[in-house]
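Chemist: Whenever a hint applies, use it, and build me the whole structure from the sequences.
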Amino acid sequence: MTLQTTSAPASSAAAPPEVTIPAKPAPARLPALLNRFAPLLAFVGLLILWEGGCRLFKVPAFLLPPPSAIISGAQEIAWPLWLGHAWATIRVALMGYIVAVIVSIPLAIALSSSKLLSRTLYPIIVVVHSMPIVAVAPIIVVTLGASDLPRVVITFLITFFPIVVTTTAGLLATPEELVELSRSLRASRFREIVHIRLPFALPYIFSALKIATTLSVVGAVVAEFVAAEKGLGYMIMFSTSFFKINHSFASLAILVVVSLTFFQTMVLLQKWLAPWSLPRSER
Amino acid sequence: MTDDPVISFRNVVQDFKRDDGGIVRALDNLTFDIGRHEFVAVLGPSGCGKSTLLRLLAGLVFPTAGSVEIFGLKVTEPRDEIGIVFQKPTLLPWFNVLDNVTFPMRHKYGRVTQTEKDRARELLDLVELGQFTGAGIDQLSGGMQQRVAIARALLLDPDILLMDEPFSALDALTREEMSFELLRIWTEKPKTVLFITHSIPEAVLLADRIIVMSPRPGAVREILDVRVPRPRSLASLSDPNFNDLANHIRASLFSRRAA
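Residue numbers (this note's numbering), protein chains in the order written: chain A, 1 to 283; chain B, 284 to 542.
Worth flagging that the hints you see were computed from the coordinates, not collected in a lab. Just so you know, even glycine gets a beta-carbon here, dropped at the ideal spot from N, CA and C.
Below 30 Å or equal to it, Euclidean Cα-Cα: the simulated DSSO-like pairs (lysine-lysine) are:
| id | chain 1 | residue 1 | chain 2 | residue 2 |
| --- | --- | --- | --- | --- |
| 1 | A | Lys210 | A | Lys115 |
| 2 | A | Lys271 | B | Lys371 |
| 3 | A | Lys271 | B | Lys400 |
Covered stretches of chain A (chain B as the covering partner; in silico rule of three or more C-beta atoms under 8 Å from a C-beta of chain B):
| id | segment |
| --- | --- |
| 4 | 179 to 187 |
| 5 | 271 to 281 |
Which chain A residues face chain B? A few, computed with CB under 10 Å, are given here:
| id | residue |
| --- | --- |
| 6 | Pro175 |
| 7 | Glu176 |
| 8 | Glu192 |
| 9 | His195 |
| 10 | Ile196 |
| 11 | Pro199 |
| 12 | Phe200 |
| 13 | Leu202 |
Modeler: Structural data, given as structure tokens:
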């Protein structure tokens, strides 16, 4: 940089530098449109292929229903009923997720602050995480009874691990110089964590929170497979046992929408709360 | 004003324990004084313990033997008289320029007063970033970020400025420009400066005295007075004393290898 640039008005200085490639003169229309809608087209194409394949090869609907049969099948069940099932799953996923966040972030702070704690707790966390959740789920249900509690615990167990590990990594990735700056100012350990380490870990924390969204839905569904009388996971179990595969697919589709919405919420939350933690192109 | 030294190293030895249990001597028997408002450069190859020397002064590490004193008092913890500029700007990306400069205040005392904000603005004027107070960090070039870091180091008005290869991450042109900028800032706000570098011309251009160090373990090879008149400018680069001294240091640094 040169000294001359400092005389530029502040407003132009505050404007983000141009990151997009300058548009070529008269860009071709069709490729531009194609570029924009390609993902949607691919998705629709896949559905058409699925529909066509099922009709062409006369696949029995109880083995693989075409999309049209899934939609009409979904309509056999009243939408408040669907909503009830969806809410049952969402509620468990959300509760498990929130508990996981509340437990994992302080745990990560503890693990990153003390070598002794890290050496003591980390193996336990790894052992807990190494237990296949599907294998543990029935045991937890027996132990804790048939209520929301075991479901939330199962969701928590599958969700907390990536949050703990990634947040710990983030807390330890703070530039050493900033920690030295903090120490040279004789700031408290608390301020070091709150002013420096936690904000610096935010990109890591948000990655973990995004991964955890989909995992929490997995956890809720696994819990419903074991013991539930409501929920989308329960719907899948129930309808497959009656060969109502189109209902299972409809439940699956709703689960996907729930997962995506959940994920996207975290993406927006990061954009809103910590835009600096994203690459400029994603803000 | 007395002639008492601001900084004194007395037979400082610094050992580090290696992971395998062995002991490495980083600094061996360092003794020197630095006077008030003196600009001293520490020059030496990598691994000569230059950064350790800075951390001793900052109260971040403590000597195995000997003593490090500031204003005649042994350094036993980080002191308020010290401001540090690191090799990388290490600014906080979630704060704008002004909030980065006031950060030491926020971090140390938990809040920033209007007085400090005004002071931060003055300092940003001093480093010629007066119009960038509200800008985000990622909108600044490397050189501008390092200016912010200098303003941040000056916020609590330290008597001593420690600089750890502050321009080594910058491109050659910016680096030269920043050297002259630092001289101007130092003239306007005189401080006792300990400037660590591995660039001979940078050391000669900036410093009153140069401590030349030898590596493994780091020891003082010689302490040289820079007899290039102040104020220094581009013209200083062609001063005969400048080149003589630069050549002398070069010869001194490479002598052991040649012998």
